[in-house]
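Participant: Could you put together the complete structure from these sequences and hints?
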Amino acid sequence: MTDMSTKRHYERDFVRTFFTSPTAVQGEDDSAKMIRSAAQLSGMQAPDVWVPDNEDATAPSMRDEGARNIAEVVAEHGAEFPGEIHPRVVWHRDSPATRYQGFEHMLEIADPANGAIEHIDGFVIPEVGDLDDWKKADEFITIVENEHDLVEGSLSMSVIIESGAAELAMGRLRDEMGKPSNNLERLFMLVDGEVDYTKDMRAMTPTGELPPWPELRHNTSRAAAAAGLIAVDGPFDDIRNIEGYHERMTENRAKGMTGIWSLTPGQVVEANTSPLPPKSGSWLLEVGEREIELVEQDGQQVYDGDAVDIEDIGEGRYVLEVGDDDYEVDADGLREELVDMTAYVPSMDDIVDSMEEFEAAKEAGRGAIAMTQSTTLVIDDVEVDISQDRMWDEATYQAAMTPIALFQDVYEHRPDQHDELEEMYGADVVDRATKVGS
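In this text, residue positions in the sequence shown follow this note's numbering: the first is 1, and each later residue adds one.
Derived by calculation from the structure, the hints in this document are not laboratory data.
Calculated lysine-lysine pairs in the DSS-like style (CA-CA distance at most 30 Å, straight line):
(1) K255 - K279
(2) K435 - K279
(3) K279 - K362
(4) K255 - K135
(5) K199 - K136
(6) K435 - K362
(7) K135 - K179
(8) K136 - K179
(9) K255 - K199
(10) K255 - K179
(11) K199 - K135
(12) K255 - K435
Here are the simulated distance ranges between beta carbons:
(13) E286 - G115: 51 to 61 Å
(14) E291 - E311: 20 to 30 Å
(15) G314 - G365: 46 to 56 Å
Nothing here was measured: the structure is a model prediction, and the numbers come from that model.
C-beta: ideal position from N, C-alpha, C; glycine also.
Facilitator: Below, the structure is given as structure tokens:
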């Protein structure tokens with residue numbers, strides 16, 4: 001039998017990027033040009049998971065050729081590709097003919113005679129329904145493995161949540177995975193597909209844009225956490241809206257969902273770098289629901305907008321204007337108000353420093369320590385010294401470990417990104433970040 005470890009598909013604790021490419025483009029001299037180009041990406045331009053997409057991204061009339069193209073291109077370039085490779089095949093919960101076509105394509109791609117299977121990590125199954133439908137896909141992959149003398153369970157399966165039935169099915173995973181009647185342990189990623197989910201839910205908006213579906217993203221992240229899987233958000237199709245893409249990723253990370261679909265190489269770079277701790281720390285001024293990043297000048301944090309004003313009215317008294325509200329305060333009151341309105345975003349170096357300091361304190365027998373961040377805030381030429389204290393205990397330490405664990409996972413599994421990471425943070429910070437928490 002082909003020697004393929006069942007463990008290698010689940011070594012990644014995080015997936016930042018899920019990048020799809022059409023497998024066959026009609027009218028081109030080389031119909032495989034898109035996946036041939038994607039297969040040669042590296043560094044921050046290469047995704048953690050590359051998905052040669054033989055479903056929605058490829059015309060139905062080209063999908064048989066697309067399956068052959070996947071086998072050819074992955075056989076040629078798969079050994080050098082730095083991420084994982086998970087082709088998406090056709091599938092539909094309501095169409096036996098579509099499911100059978102997807103099965104035939106998996107057989108083609110996985111055939112050892114085509115030379116690709118040693119570089120294929122698994123398959124992505126779209127349009128799944130209830131859990132019985134997931135088990136059908138699992139059984140088809142099991143048959144593919146047996147047909148080609150592959151180790152059973154060696155190919156992972158990821159599903160795209162594009163229906164209410166699939167969303168409800170996620171709640172049963174903990175009870176179903178590991179039963180001897182299925183191989184659902186092969187599950188790897190739960191990926192949201194908001195476009196078809198919107199269609200299945202018969203949802204409408206006045207503008208025709210997709211609803212944001214925060215509940216779906218929460219449910220997917222929760223199900224992934226409960227079942228030991230990885231959650232990935234769906235495509236953000238406003239590809240020129242980089243700020244919106246970042247906002248979406250920030251919202252997702254607050255839900256425990258690090259991964260996101262990337263439609264272009266530019267989105268891949270943004271999604272690969274966005275979850276990593278920043279190179280430099282920054283201060284935010286929170287005004288209503290807005291968070292405004294302050295500008296550092298000569299070691300001070302300067303705000304030059306119109307949402308907040310400070311007037312020095314003499315004798316140690318100030319008028320603080322925030323939106324339509326005015327407050328007359330003394331120096332201490334002004335400082336307290338501004339402390340409540342500011343927040344600090346720690347850099348990678350800050351996080352590592354804090355973790356190292358807590359580790360040293362714990363080694364010395366102390367269970368909690370105070371960490372302080374201080375700066376001078378300047379608004380309307382009024383300078384105010386502020387500081388924020390935060391108690392660190394074991395729970396704080398473990399929470400801070402999440403971005404470091406992400407960095408360590410990237411550093412371990414993406415050596416092609418080492419140079420860019422060292423350029424971003426510096427060799428010393430990278431070295432310390434790979435060791436802290438171990």
